[in-house]
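Please model the entire structure based on the sequences and the hints provided.
Number of protein chains: 2
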Amino acid sequence: MLGKLVGVGVGPGKPELITIKASKTLKSVDVICAPKARLHKPSLALTTVKPILQELERPPEILELVYPMTRNLKILENVWESNAETILAKLKEGKKVAFITLGDPMLYSTFIHTCKTIMGKCPEVEVEIVPGVTSLTECAAVSRTPIAEGEEVVAIIPSSIDLRKIKRIAENADTLVFMKGTKLLKELPKELAFCGFAESSPVILVKKSDTSREEVKTGRLGDLQNWEVDGNYFSTVIIKRR
Amino acid sequence: MLGKLVGVGVGPGKPELITIKASKTLKSVDVICAPKARLHKPSLALTTVKPILQELERPPEILELVYPMTRNLKILENVWESNAETILAKLKEGKKVAFITLGDPMLYSTFIHTCKTIMGKCPEVEVEIVPGVTSLTECAAVSRTPIAEGEEVVAIIPSSIDLRKIKRIAENADTLVFMKGTKLLKELPKELAFCGFAESSPVILVKKSDTSREEVKTGRLGDLQNWEVDGNYFSTVIIKRR
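In order, the protein sequence lines correspond to chains A and B. In terms of our numbering, the first sequence opens at residue 158 and continues consecutively. In terms of our numbering, the second sequence opens at residue 158 and continues consecutively.
Fair warning: there could be bad hints in the mix.
No copy is singled out in the list; a pair is fine if it fits within one copy or between any two copies.
[Said to hold, decoys possible] Think about it this way: if two alpha-carbon atoms lie no more than 30 Å apart in a straight line, the pair counts; the simulated DSS-like pairs of lysine-lysine are:
| # | residue 1 | residue 2 |
| --- | --- | --- |
| 1 | 337 | 324 |
| 2 | 171 | 198 |
| 3 | 161 | 364 |
| 4 | 397 | 273 |
| 5 | 253 | 374 |
| 6 | 374 | 161 |
| 7 | 347 | 207 |
| 8 | 181 | 374 |
| 9 | 340 | 374 |
| 10 | 231 | 397 |
| 11 | 278 | 374 |
| 12 | 347 | 322 |
| 13 | 397 | 278 |
| 14 | 161 | 397 |
| 15 | 374 | 343 |
| 16 | 374 | 273 |
| 17 | 337 | 322 |
| 18 | 198 | 249 |
| 19 | 207 | 322 |
| 20 | 252 | 324 |
| 21 | 198 | 347 |
| 22 | 198 | 337 |
None of these hints come from the bench; they were simulated from the model.
Written out as C-alpha cells, the structure is:
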C-alpha cells in the first residue's frame, strides 16, 4: 500500500512556534524529508524540529534533500525530479513521509513543486498539509508591529520581482511584506515615494541567520539607504504606508 | 509591579493548530481575555483553547470581552476604552494577562486596538506577541492549494473595502485572499474579469461556523455567482489568477 505524504510547516525557525499538530505528525511518521540549500550546510527546517525528535526513542529516518538556490529552470527541474523520485520510493515502500518547510508549505515553499512532481508521477498518493506560522506574522510579532487593521490591504511580494512590478502593487497597498530576501532594499525609498509612501513610513527588517539568531531592525523608509543589508534569503521586510 | 500583557494567536480555530509557545503561555498566565462578538455567544478563540485549559489543575481566570461587529467608530471607541480599562486593572494588580485572538494578533485582530489603548493609558506595560497560524494558510492547507510560488504576488484584502479598490489591487496581484467575510463574492467574477482573471481561475472558500465545523468549497471564478454564501465573518476566500 502507498504511504502518505504530509507537507508540514514548522514555522519561522523557533522550535516553540511549531504547532501541536506538526509536532504530533513529526512524531508519527517513518521518514522526514528536510530541504536545504547546500550539501554541506544544515537544514534550517531540520534544526527547528530537532528538539521534538530528541524526545523520541525511535526517531524517524531523516532524508536531507538539496534544493539549490538558483533560478536556472533546467537545474531546478532536475532537482525536483530526483528529489521527487527519492520521496516517491519511500511512499511506495508504504512509509508515511513528512516533508518539512520553514514557515508554511503553501507559501513560497520547495514543497509545492516537489509535491506537484510526485503527484504527476503517482496521482494516487494521499497528501495532507499542516499549516505553519509564517515569517510574515513572526516579523510582526518580534517587532510588535501590526501588519494590518480595518480596511488596510497587505501585499506579499517576493523580493526577486522587478521594481516596476513592485511599484504597481505598492500604489494600492497599505502594507508591503517582502519575503525571501532583501535584494532591492536600498532602491525602495526613492521608488516607493512615487507610490505615496512617505519617508517616515515605518520599516521592520527581520533577518534570520540560523534558528537561534535573529536580527530585528526597525526604522523609517528614509533610513533604508544607510542600512547594512545583505541578500540573506531568510529576511522579511515589512513597510507600512504613512 | 505591573503585570505583562501577551497577545496570543491561537490559530484558525482548531486546537491542534495552536503553537507550543501559545500553549505554554496560556498555561502560565493568571488571566485570559477572550474577545467575542456578542454577549450571549461563545468566544471562538476561547473554545479553541479549552482543551489546553482543561489540562490545568488551577485554570486561569477567564474574562470574556464583547467587541461588537460594527463600523460605528463611536461605539468601537467606547468598547476599546472600557475593555482596555478592564485589562489594565488586572495588569495593575500585577497579573500576567493573555489576550487571545483567532489567527494572529497582528493581522486584523481586536488585540491591535485594545493594546494601543492600553499603551496610551500606561506606556510602561510590557507587551509580548505570540504569532499564530492565520486562516490564510489554513485555507490553503485544507484545500491543498498553494497560495504563491516563485515570483507571484499575494494581496490580502479585507472584504469590506469597495470594489474599485479591490480592482486596482487585483490588477497587479496573482493571488487574492479575501479575509473577514465574503460580502462582495457574487460581484467578483465580472469585476475581476477586467483585471485579467479568467473564468477558469481557481477559487477556494473556507467558512468556519464554529471550531469543529468548517465548510470547504473549491471551484472556478465563473461558478461564484451560483454559490450559496452568507456574510459569515469567519470566511476566507482565495482566488488564483489564471
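Evaluation of the provided hints:
1. For the homomeric pair residue 337 and residue 324, the shortest alpha-carbon distances inside one copy (18 Å) and between copies (27 Å) are both at most 30 Å.
2. Taking the closest pair of Cα atoms, residue 171 and residue 198 come within 30 Å of each other only inside a single copy of the chain (18 Å); across copies the shortest separation is 35 Å, beyond that limit.
3. Taking CA atoms no more than 30 Å apart as the test, residue 161 paired with residue 364 passes between copies only; the shortest distance there is 26 Å, against 34 Å inside one copy.
4. Taking the closest pair of Cα atoms, residue 397 and residue 273 come within 30 Å of each other only across two copies (17 Å); inside a single copy the shortest separation is 35 Å, beyond that limit.
5. Taking the shortest Cα distances, residue 253 and residue 374 sit within 30 Å of each other only across copies (27 Å), while inside one copy they are farther apart (41 Å).
6. For a Cα distance limit of 30 Å, the shortest separation of residue 374 from residue 161 across copies, 23 Å, qualifies, whereas the shortest one inside one copy, 41 Å, does not.
7. Within a single copy, residue 347 and residue 207 get their C-alpha atoms no closer than 43 Å, and across copies no closer than 49 Å, so neither meets the 30 Å cut-off.
8. Proximity of residue 181 to residue 374 under the C-alpha cut-off of 30 Å is restricted to the inter-copy arrangement: shortest distance 27 Å between copies versus 34 Å within a copy.
9. Taking the shortest Cα distances, residue 340 and residue 374 sit within 30 Å of each other inside one copy (16 Å), while across copies they are farther apart (38 Å).
10. Within a single copy, residue 231 and residue 397 get their C-alpha atoms only as close as 37 Å, which misses the 30 Å cut-off; across copies the closest is 26 Å, which meets it.
11. In this assembly of identical chains, the alpha carbons of residue 278 and residue 374 lie at most 30 Å apart only when taken from different copies (26 Å versus 45 Å within one copy).
12. Taking CA atoms no more than 30 Å apart as the test, residue 347 paired with residue 322 passes in both settings, with 15 Å inside one copy and 24 Å between copies.
13. For the homomeric pair residue 397 and residue 278, the shortest alpha-carbon distance between copies (24 Å) is at most 30 Å, but the shortest distance inside one copy (44 Å) is not.
14. Within a single copy, residue 161 and residue 397 get their C-alpha atoms only as close as 41 Å, which misses the 30 Å cut-off; across copies the closest is 27 Å, which meets it.
15. Taking the closest pair of Cα atoms, residue 374 and residue 343 come within 30 Å of each other only inside a single copy of the chain (15 Å); across copies the shortest separation is 43 Å, beyond that limit.
16. Taking the shortest alpha-carbon separations for residue 374 and residue 273, only the inter-copy value of 21 Å comes in at or below 30 Å, while the best intra-copy value is 37 Å.
17. Taking identical chains as interchangeable, the C-alpha atoms of residue 337 and residue 322 lie at most 30 Å apart whether they share a chain (16 Å) or sit on different chains (27 Å).
18. Only within a single protomer do residue 198 and residue 249 lie at most 30 Å apart by alpha-carbon distance; the minimum there is 29 Å, versus 48 Å between protomers.
19. In this homomeric assembly, residue 207 and residue 322 never come within 30 Å of each other (Cα to Cα): the closest approach is 39 Å inside a single copy and 45 Å across copies.
20. Neither within a single protomer nor between protomers do residue 252 and residue 324 lie at most 30 Å apart by alpha-carbon distance, with minima of 47 Å and 46 Å respectively.
21. For a Cα distance limit of 30 Å, the shortest separation of residue 198 from residue 347 qualifies neither inside one copy, at 37 Å, nor across copies, at 50 Å.
22. Proximity of residue 198 and residue 337 under a CA criterion of 30 Å is satisfied intra-copy only: 18 Å inside one chain copy versus 41 Å between copies.
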